[in-house]
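*Asks:* Note that the protein sequences, when read in sequence, are chains A and B. Per my numbering, the first sequence starts with residue 1, numbered consecutively. Per my numbering, the second sequence starts with residue 1, numbered consecutively.
Be careful, since some hints might not be right.
[Claimed, not checked] Partial pick of chain B residues on the chain A-facing surface, computed with a CB cut under 10 Å:
(1) Leu-409
(2) Pro-659
(3) Gly-662
(4) Ile-663
(5) Val-705
(6) Arg-707
(7) His-721
(8) Leu-724
(9) Pro-730
(10) Thr-731
(11) His-733
(12) Gly-787
(13) His-789
(14) Glu-793
[Unchecked claim] Negatives, chain B to chain A, calculated, CB over 12 Å:
(15) Ala-260
(16) Gly-697
(17) Pro-788
Hints were generated in silico from the structure; no laboratory data involved. Note that beta-carbon positions come from the ideal geometry of N, C-alpha and C, so glycine has one too.
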Amino acid sequence: MTILLPGTLTDAYRMLSDDPDVTPVAGGTDLFAHWPENRVKQSTTYLDLSGLAELRSMRWTKSELVLGALTTYWDVVTDARVAAEFPNLVTAARQVGAVQIQARGTWAGNIVNASPAADGVPVLLAYDATVRLGSRDGVEDIPLDEFYLDYKKMRRRPDQLVTEIRIPRRTYQRAWFEKVGPRKSQAITKVGVAVTVAGETWRIAANSVAPTVCRCPALERYCAAVAGAKGQPLTSPSDLLPAIRSDVSPIDDIRSTAEYREQVLARILFHALNDAGV
Amino acid sequence: MGKTKTPKAEAPLSDAASEAPSEGSTDKKNVASDRPLNLIGKPFRRVDGRAKVTGQTKFADDLHFPRTVHMKLVRSTVPHAEIVSIDTTEAAGMPGVLGFLTGDDMPNTFGILPVSQDEHALCVGKVRFVGDPVVAVAALTEDQAHEAALKVKVEYNDLTTIASVEQAASTPEPRIHDYGDTGNIHKQVSMSFGDLDAGFAEADEIFEDIYYFEGNTHLPMEQHASIAFTEDDGRVTIYSSTQTPHYLHRSLAKVLELPASRIRVIACPNGGGFGGKSDPFNHEICAAKMALKLGRPVKIALTREEVFYCHRGRHPVLMKTRTGFKKDGRMTAQHLQTALDGGAYGSYGVASTYYTGALQTVTYDLPKYRFDSIRAFTNKPPCGPKRGHGTPQPRAAFETHLDKAAHRLGIDPADIRLNNLVPPDSVTANYLKVGSIGLGDCIEAVVKGSGWRERYGKLPEGRGLGLACGSYLCGAGLPIYWNFMPQSGVQIKLDRSGGVAVFCGETEIGQGSDSVLAACVAEILGIDLQDIRLCVADTDLTPVDLGSYSSRVTLMVGNAAVQAAERAREIIAKAAGEKLDVPPSRLAFSEHRVFDIEDDERSMSFVEAVQAAEAKFGTLGTTGSYIPPRSPGRYRGAGVGPSPAYSYSAAVVEVEVDPQTGIYQVEHVWMAHDVGKCINPALVMGQIEGSVYMGLGEAMMEEQVFRRLPKKRSNALVHKHPSLLEYKSPTFHEMPPVTSYIIEDPDPNGPFGAKEVGQGPLLPMPPAVANAIFDAVGVRVDQVPIGPHHVLEALERKAKGKEGRVGPNKFPDYDFGVPLNVPTVAEGGDGKATNQETAGVRKGIGTMKDREEAVGKGGQ
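Isolated chain A (complex conformation) (with noise of 0.2 Å):
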């Protein structure tokens, strides 16, 4: 194994760039989640990011919210200002493993594991959080809703680094995150769902009932016309299956039920409307 340790953000980029197998590493929580016993991992070239002071910093603009990416999840648990204008940065950040793994873990690294269970992305994907990707050629900035291509395939070149997470500011009416695990720590996520809505904007994100985390632009349409009194009311949680068959695509596996997923999905949301009366 060997470990690349970049003094600087411009080293970091120029070392992704003569090799483009290494891999990034910042808090390390998925990546050495399987240690030593993997042995791909052990051959692998791992850059460190955690020295770089530039990938720090969470900052306020007049428009957004910039998690560096070295931002953790306890970052966001203890900061005051992200609770009161982004709650549901700090419910999921909550939900994740448990404190360790909140204390090391980074919002940017689970966004790059694309797990489909990560419990950050649904969250951000909700607030239209945007990746900005850096390399030596520049910045790109991505909306994370165009981030995920397929399965574990994403748009960040292999010379790229995510360096930060920018959440534009905006009021929302409503916003609430539910996660559904065989426990209430320390586990990987059945199904979890992350709602805003702003004005008449909704945004619906789910994870573990497709191959990414994903939007869910059926049921947003829906919602919005239901609680816009466009659409017929919510009688019942089957009211949304359709649209739920359409967004996403959950499967058996050692986690839970395809049935059960869709399920439950159905039903979290269905009562959250009810309860937020639409």
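Here the structure of chain A is known, so what remains is to put chain B in place on it, guided by the hints.
*Replies:* For chain B alone, kept in the frame of chain A given last:
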């Protein structure tokens, strides 16, 4: 000051050790229990507590000796195959590699039960599950051994894989083992106690339920580890995390082909066992063999993944319970059928098979009882004993069955139990002798504590209460191999220092056995726990104790310790009485002093009294032994189930169910346990709470399950999640507040009246959770674990007008053979079967006698 009893007539000291071991209750212990107690019954700090919390305790993996080398096992990657070839050439050239072992180096078989000597230290000829060890590799470092193990090439010729009991029953060939009752059925049992037809004919209603209990594993914090070394005179010593050093000792002698006297087994304190360290294991035998081969200390520490392969955990069991009830809820007869998925080896499986039926009779009166069972071999890690050994599964089936019966008959679930209690000092239909039974008090305690009478059936939708009970052994009545020697022995050495050394083969696995042993001696000699030096679990230095299994230690070690301590007290009292000019019977031992109970001015210190005894009698030492009382059953299979005493538990569980997701939270547990008499209430509470936790895990989420790899990736049958990442057990968030009630109904067979607490309180948990879910949302999930998706599915079915139930619907039509007919005591039975010669035989394959001659009797 309480009364004292005159000790037995003086006996020469030299005869103390040669006295016959006490069988069952002895008047010696009544001497102890009649005196006022100073220590027993009060919460005291466990003797190993400080060392454990400060990190001073040496677990097996903490040990290291000069020149230690490290060993890894190459494990099978296929579930069932012939071994075609093993190539260690490349591995031998790896850095640091010192040597290899294969099955050819250790041809003798071993196994915990004499009838199931079916394991090799390393596979010979074939492998039987993914994880079966094939080659051992030793190297200078653990990493080097690991690297080398990866380079060992094993070529396999795949055989048909058996994945379930049903498949085993329908696939007699190829056989996983070349022994067993038939094909891939390891064991079949059928026994009928009393006239079952008459019992059912008396019933007003007959109910039948089918229930499935999934397998799960022990999940001890400490992974198994061993370190072995040789001494230059041809001896080998092994330190290991084992619950049963004595049985490991026997297996080592057999496989290593060495006299047992040259093998020393020392059980380190276990970082949790729960039954998972009760078998002799491959890695232990390989470590000893490798040490003999290399002449250097050899260490192996299993990874968590390997612990999942060692397993020996809860058998998956499918059960059918059919019971006749009178209108008032009295039971007239029960017919229980069980089918166990045993995994790839025998382990304790024959005993587990009997245990799925044996203890159904000790809680509620079952006048007639029939029990049929089969255990199948499958290509999965072997199942064995886990906390409750074979009894939590039928207990869950019975207690949910009873809950349903109560509803069908319109009787409160608490009352149907209270009305059916087994009377104390009685013999059950299957000839188990019940002594004390505090179950009624247990039920009353949790009913009162939980507000059952006011709240059951009346809580808002989504909220519910469930009640269930259980019972467990206080040590198996018979040893694992047939012998007439004590099951537990204790030696005490005293000298002029006033220090007392206590030697016993018992094994501390976290349950507090060291503290129980020390407390029994300290109480009788009137000294502090700190004055006692324990030497335990060392086959060279300590008298045999069979091990920490079947909840036997408190009762058996306790009784042996009481006997040894009473003998020491007698000797000291004789010498002290002479010095003080007081009859020994008037002497009390308390607070480090020996004094006249009628005139406490006439006294001397304990140290002075011991010195007087040493001066009078010479070197001081006493022994104590324990053999359980003989059980009344005389039929084949009567050896499983008898115990000197039975503990009882009752629980009420309160749940909150979210009908939208099926997710439920256990909000509170009230658990009452009849422990006979507390040796240390703090430890009793700890065991109750630990059992609640483990039972909750089994009820809610824990499952050891398997899947097929995709065809392109070999189609092998593999463990679904051999890691703590996906094998879920409860966290702090799932653990509810627990209100514990200690019920003390002293049993004459227990030391100071004590019974077990380590396993019993687990039993009510899974059925109590299931019954509470029914009270909360009106659906039955007749399987364990109960996942949110099961609850949701049952709710969906109910909403669609179907039966609000999820669970197995069919119990296959297995052939259990001809039942053994044993008339009950009420029918004038004498404990013997009327058809011993012909029973147990499958249709058309000869008599039992023929078969025994054909397959040999097994045994070591």
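*Asks:* Give a verdict on every hint.
*Replies:* Against the structure, the hints come out as follows:
1. Leu-409: Violated - the Cβ of Leu-409 (chain B) stays beyond 10 Å from chain A, reaching only about 35 Å at its closest.
2. Pro-659: With a minimum Cβ separation of about 9 Å from chain A (threshold 10 Å), the hint on Pro-659 (chain B) holds.
3. Gly-662: Since chain A brings a Cβ to about 8 Å from Gly-662 (chain B), closer than 10 Å, the hint holds.
4. Ile-663: holds (7 Å)
5. Val-705: The hint holds - Val-705 (chain B) has a Cβ within 10 Å of chain A, the shortest such distance being about 9 Å.
6. Arg-707: holds (8 Å)
7. His-721: Nearest chain A Cβ about 6 Å off; hint holds.
8. Leu-724: At 9 Å from the nearest chain A Cβ, Leu-724 (chain B) passes the 10 Å test, so the hint holds.
9. Pro-730: With a closest approach of 6 Å, the Pro-730 (chain B) hint holds.
10. Thr-731: Given a least distance of 5 Å, the restraint on Thr-731 (chain B) holds.
11. His-733: Nearest chain A Cβ about 4 Å off; hint holds.
12. Gly-787: holds (8 Å)
13. His-789: holds (4 Å)
14. Glu-793: Holds, because the Cβ-Cβ distance from Glu-793 (chain B) to chain A comes to roughly 8 Å (cut-off 10 Å).
15. Ala-260: holds (38 Å)
16. Gly-697: violated (10 Å)
17. Pro-788: violated (7 Å)
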